[in-house]
Structures are given as structure tokens and as C-alpha cells.
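S.K.: Sequence:
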Amino acid sequence: MSDWKNIYQSKLVSVQDAAAKIESGDRIWFGSSTSTPIQLMDAVVDRYAELTDVHIISSLFLYDFKVLQDAKYIGHIKGHSVFVGPQERLYHKIGNIDNNSVPFSKVCIALRDYYRVDTLAVDVSLPDEEGYLYYGACGVDWHGEIAEYAKKIIVQVNKYQPRIKGPECKIHVSKVDYICEADHSFPVFPQREPTETDKQIAAILIDQIPDGACIQLGIGGLANAIGYRLEEKKNLSVYTEMFTDSMMHLVKKGVITGKIVAGFSMGSPELYDFLAAGQIELTPLRITNDENIIGQNDNLISINGCLMSDLTGQVCSESLGFTQYSSIGGQGDFVRGALRSKGGKSFLCMPSTIRTKDNKILSTISVALPPGAVVTVQRCDVMYVVTEYGIADLYLKSIPDRVNAMISIAHPDFREALRKEAIAVGLLAR
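In my numbering, each number is its position in the sequence shown, counted from 1, plus 748.
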């Protein structure tokens, strides 16, 4: 038996014994999304009565963890998320998760200086022939940096966690304190089908993406609609935070022929197999989302979704009134990065209307954002806002030109009212 195998065996404990290493006051990074060790987290939470002031920090929870679901854990174990998704929204009212909205480029700083993380507890792959354990599709993001300063490192070896290459993609068995073993498969990250509006927006945007462009796409039906439409392009490259199924499709079709830089990946089982086969490498998000590095890519085309905008181009992508619906993620990083790119463009896309729960149709473009709405992207950074009615070019424009451009892409049923409101509040002279 080689040395690393002896080391592995010497650190191997049961899941329950690994959970017993957590102490009151610990601040634990439990990994993002598919890198969260489910069984280990549940075993820690089962000890809640013995613990006080334990903080569990993660991003985009994908599972119904017990700690989120019951107020009895308050004061014992507290949940935190740096990116809000469906689970965070569902359980927020119970009161045991604090949601945050940290730019992905700054999460590593927040984990160290604000959350004061001192423990790394994450899902990893089976060891390779040299004794390295891989962080998987969502673990390259911040794990490597945390491992440099964490006082305690616990890993849960999961045979389903893929070995994905890249800088800071792995940790050697000699560097961890405790190893436990528990297998679990991953939920399939839902690929939302594009709506007709998504398809209309994609048709508008496709002419804005030249052959040879470097692309960044966000998440959701619109991103999928655009991604698959890019089949008609050639010689594309990728610089993005999230590598998607549509990007894999473009690689296989020979559309993406240039370099690929990505920070994490979520999607289908086929996508994880593609990554594990070594087709691309993943890079820490402090690098992929550094606006200065983003800007070094010529012809960067950044396409992301948003929820609403005011008439001057203040864009909200993360809240519905005072309710935190999502988080900023890397949107601001890539909007600013595109500004630094030679030939770069950023597009923020939304349907022109939304339907409320009581069946009212509202314009997503308004004279002012509603109370509580978060300004995710400030208007001085916004280049283009897109609806199914066209593209509003806002960058460096005067206030009246911005207002007129935004009215031109609003739903026709709301344009006259928007113009009257703009005149009434002084945004337009007439």
C-alpha cells in the first residue's frame, strides 16, 4: 500500500465521527450546490442540542436540509447563503437562514473577513492514483483558497463526485484532517425551456454576436435559447462563470473552437461526464470574475437576465420589492468586464411584461423602481437593455435619450403611459 493510502486510512472516520469534530462557535464553509456533503451536514445538524453559535455557510442550496426547515435550530446552528435560489426563498421566513448577495468576485473576501470561516467541510471525489481528492463541478469556486487558511478540513468522499481538472481543483489526502465516506447522486439542475418571449429576444440578440466572439451566458431559459441559437456562428470562445449544457453542445458541434475559461458548472449528468472526461478546466471565481481579467478578452459578449428596469437604466436582477429573489452573482462583474473589453458588449434581457399572481399584467419598465427593489447594475455601467421589442442602447447617453430608448422597447400597451409619467416627473421636457 502506497504512502497516501496509509494516510487516507489513518484519517478515515464514520460520517457521525466526522460530524463530532464540529464544535460550538465553528464557522463552516459547506460547499456550493453540488459540492455540499449532504450526509455530513445532516449529521452535524443532528447534534444541534450539543452545539451553540455554529454557522453553516453555502451558496445556492440544492437540497432540503433540515437546518433550514425548523426554528428549533435557531441559536444552535445558523444557515447562511451567498447566492439565493429556490431553497433559500422557500425557507427564509422560518428564520434560520440569512441570505446575502455578494458579487462572485468578492465571495472569497467575504468568507474570510465577514463570515470568518475557519472550517472547510466539502464533498470530494474518490482519490486518484496520487492521492488527490477533486472538488467537482461546483467546488473549484472558492474551496482552494479556504483550504489555505481553514483550521479544520473535513472531506466526504463521494464516488459520484467527478474529477474535474483546473487550478485549485483538488486537495491531497495529507492536507485534510478527517475523511468520511458517503455516496449520493446529484439533482439534475433544471434546464428551463425557453418561452416564446425568450426565443424572440434570442432572435434579436443573435445578430449582435459576431463570429469569433468570446461569450458569457447567464442561467435560465433565455440563456438556453441563445446558447442553442449560436449553432449558426463559428470560432467562438468562452469566458464565463458558469459552463452550461448549451456550451457543451456548441463544443461538440465545433462552434466553440477557442479557449474556454469557466468557474463552475451545473446541469445534466451528461455535462458532468463531459467535464470529467477532461474537455475543459475550471478556474476559481476570484479569477474568472475579476473585471480586469474579463476585460482582457476582446469582443466579450455578456448576456444576462434581469427582472426590471427604470426609465434611466437602473437594473434590478435580484429582488421583488423587499423580497430577495436571487443574488447578484457575477452579473455586475461581467457587465463591468465587458466595458473594459475591446469590442465588448453587455446585454441585460427581460420580457417587457410580467403577470402577477392576481393575473394583472405589469410593465417591467417603469418610471422608477418599486419600493425595496435592488439596483443590481447601476445605470452608468449598463450598455444595452433588451426586451422582445428591441434593444435600448443606453451607454453614456443623456437622460432624455435613455428614457426614449427604454420607452421604445416597452410593451406597446404601456408606452404612452410611460411617456406621460416621464414628462410628469421631469425626465422628459415634453
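Calculated directly from the structure, the hints in this document are not laboratory data.
Misleading hints may appear alongside valid ones.
With a cut-off of at most 30 Å between alpha-carbon atoms, the simulated DSS-like pairs for lysine-lysine come out as follows [as the list claims (entries may be wrong)]:
id : residue 1 : residue 2
1  : Lys1090   : Lys854
2  : Lys1108   : Lys1168
3  : Lys907    : Lys814
4  : Lys1001   : Lys981
5  : Lys1090   : Lys1105
S.K.: Okay, which hints does this one fail, numbers in order?
M.R.: Of the numbered hints, just 5 does not hold.
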